[in-house]
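Enquirer: The residues making up each chain are set out below.
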Amino acid sequence: MIEIKNIKKSFEERPILKDITTLFEKGKTNLIIGQSGSGKTVLLKSIVRLIEVDEGEILFDGRDIRKMNFKDIKLLRQEMGMVFQGGALFDSLNVEENVRFPMDMFTNMSAAEKNKHVDFCLDRVNIKGAHRLYPSEISGGMRKRVAIARAIALNPKYLFCDEPNSGLDPVTSILIDNLIKEITLEFDITTLINTHDMNSVMEIGDNILFISEGEKGWEGNNTQVLFTRNKKLNEFVFASPLSKRIRDLKQREDDE
Amino acid sequence: MKVFSEIGSYFLLLSRVFSRPEKSRIYWRQLILEIEKLGIHSLGIVAIISVFMGGIITLQLTYNMSSPLMPTYLVGLGNRDTLILEFSCTVLSLMLAGKVGSNIASEIGSMRVTEQIDSLELMGVNSAAFLILPKIIAVVFISPILFILSVFCGIIGGLIAGPISGVVTVATYMGGIRTMFVPFFVTFSIIKTLVFGFLIATVPAYQGYNVQGGALEVGRASTRSVVNTSILILLFDLILTQLLFK
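If you read the protein sequences in the order shown, they are chains U and S. At position 85 of the first sequence (counting the first as 1) the number is 85 in this note's numbering, and the numbers step up by one without a gap. At position 143 of the second sequence (counting the first as 1) the number is 143 in this note's numbering, and the numbers step up by one without a gap.
Everything labelled a hint here was simulated from the structure, so no lab data went into it. Just so you know, these numbers come straight off a predicted model, no measurement behind them. Please note that a few of the clues may not be correct.
One side only, chain U facing chain S, incomplete, derived with CB under 8 Å [to be verified]:
{"no.": "1", "residue": "77"}
{"no.": "2", "residue": "90"}
{"no.": "3", "residue": "103"}
{"no.": "4", "residue": "104"}
Beta carbons are placed, not taken as given, at the ideal position from N, Cα and C, and that holds for glycine.
Chain S with its partners taken away, still in its complex shape (with noise of 0.2 Å):
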């Protein structure tokens, strides 16, 4: 019961968080810092991740590639459908879930112990709009964006990885990258970064506008969203590829 409990409040939270702003100027403003705070600080991270995952992607396919008749192209073929299809697209939401849901679940969180959402809403304002809606927008706008990267930073990965190693020639990498490509395989995984973005931002600030008592509250919050977010990237992940592949 507990959890059609939550399920309702969350979707019940969701409804006063699209409603009409206060002002918009405002929320416009505060939009830019989020998208800065959330999304262009997650830059880095996510490229040195990207970088060193689509080296180790390339690596492992060439060493689980022993057999001679498998082509060495289908190298750079498999890092780049990996990253496209799974990697920059789940992966990376799940770590988002960590860097970005804990961030959202505490700050909010810290806003209702120390009474800053009491005074939003006593000043007028309607606070799960003010404080959740720009942080909705700034993820999901920044979430294809940082997949794309994720992408382009992976398959360099696999070029520096392979080559250096002696695995695969850069030629030969770069024509498996070039081989069969699939556009609908972008458009699915842009619809899937969409979605786990929508979580991110929605499930984590949920957890942090119902926290309830103090610091430690607060830090169970933030551990509870990442691993709702997580759990529910995954469902998503499932049910998205199966209703998408059909």
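Bound-form chain U, shown alone (with noise of 0.2 Å):
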């Protein structure tokens, strides 16, 4: 469980994040929405301290990382996985270096012991066949699984992935939306995305938190967000047509 309490954030006298409080709950699927510029991914970053933030309480399990020097940040991180919007994949190394690299740095495994857990890794992002092959050589989407399988090598207790569907098809998307909420069920972790697809609202969002211009504008579930009066939460998730005309189909198969 992730607890923020309070958090501001400012910019050169321009504020990004204004007085935001919200928990994240373990095992759920925790999204953060909001337009482009709203101050989804400097929240994401203030709250594993990639970015300080100005004043508030940042509380992983009851531990305010704030306050926290560099050693036990350190140690804090090891419980963490991130997936970032490009992937992040090390260039130098290929898709198995990859995943290892977290083994390499922080465990004492054996070298037969690494290749079992990375080829479990890999299979559980339904990755064959790539191990040899480097982040240049593989599209976007497996990018993003090699990311994922990086970011749960070490069995995270929290898991952040900063826009997982940016740059991809619908149906990739889909698979990778769909393979974040298993892995949160499957080992039981406190996961935080940040996104602005609407898909992945709907399919995986147990609990949304909208940001509207670095304030907490909504927060609820993915069914909840269908029928909310909040004026700006509703031009950002109606913004298109098609969902507009989803939602009138829905309004008027309840009121039959």
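From the two separate chains plus the hints, produce the assembled complex.
Expert: Following this line, the structure appears as structure tokens:
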């Protein structure tokens, strides 16, 4: 469980995060949604302390990351996995080496154990026969899946995904969403996903936090999001004519 | 004020670089890779440039020392001392600042903009130490080797160009090479190459590590790193010459 309390962050006097308080539950997929530039990525990076916030508390199962020293942060980060927007795989390492990297760095596993665990992680994300390929030789969807495999390599307690669907086709996006959902349930971890993909919101939004201009605009789940009266959230969720039509059809069905 | 802020950030980064490695074995593996990438891959260009420069220095010395009062063996001596004192340490380091420095700045800068450095940090890895320390050790280790290779190739260059163009005989040239050799000159130049090697690795690494933005900024950081390293090499050349020859 991750709890954030009264988070504030400004860049050169310009407020980006304005007093955000919320709770991200364990075993659920917690989504942070909002328009581009609303402060989603800043919030996600602030939670893992890649960005220093100005005020507030960030509690990982009661442990405040802001009060930790460099050594303790390093230890806490070994309990985290993160999937970055572009995958952030190491260009100089192949798929297998990328997934093995955290094990090389932080475990005393034997070579055979590492190989077995690498195979397990890659199987878990449905990657077969690509062990020796380099990140530049695989597709965007595969890169994201390898990044997920690397993120789960050390059995993390917290998984962070920054726009895992960006640049992917709808079919691959759904595969990635389902994969993240399955992993969250299977490993019983706290998952935070930063997205503006409405498919993700509807498919895996157990908890949804809507950020608008740096403020907490709304909180709820994927059922509630369809019928909210929040004006800004409505504008965001039903921005496309297709989604408006789906909402109207659903409304008509419910009325009948 | 910005200069002081940059210098402060540079030393703060160095304090992170020289901290205890998470796993020495991984750093050792990185070091071997960096020695190959930054050092071994520079051997060819160093040898080629040094052979030509040795030949050119020999010809220039011969054509500009036309006085009958000057013995021709001075051509060999002049070529040797020019190579040892300035060319093979300073000029070669300026060249390496371009080749190796831009490579380091663009590699680390690209890792920054593609969030690979954030990814390392998030795993709990000290990204500054992991990425920069092996490069510093590799460049500092390989610099004296490149210096010795360069001097050797420069002398060979003179040995080829001088007799072929008929300006000096092999015996006279080699006689000059062996005349009035001062071993301290080599020590002095090796000290310089070690300092220059440190600058060649750390200044571009600092520029690359602090890139913000995209590909354009990576290119700018790479250019800035070459310019800054070159200026610092010349500045330290001046300081070290004054200090060590005093």
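Enquirer: Could you work out which of the previously given hints the structure breaks and list their numbers from low to high?
Expert: 3
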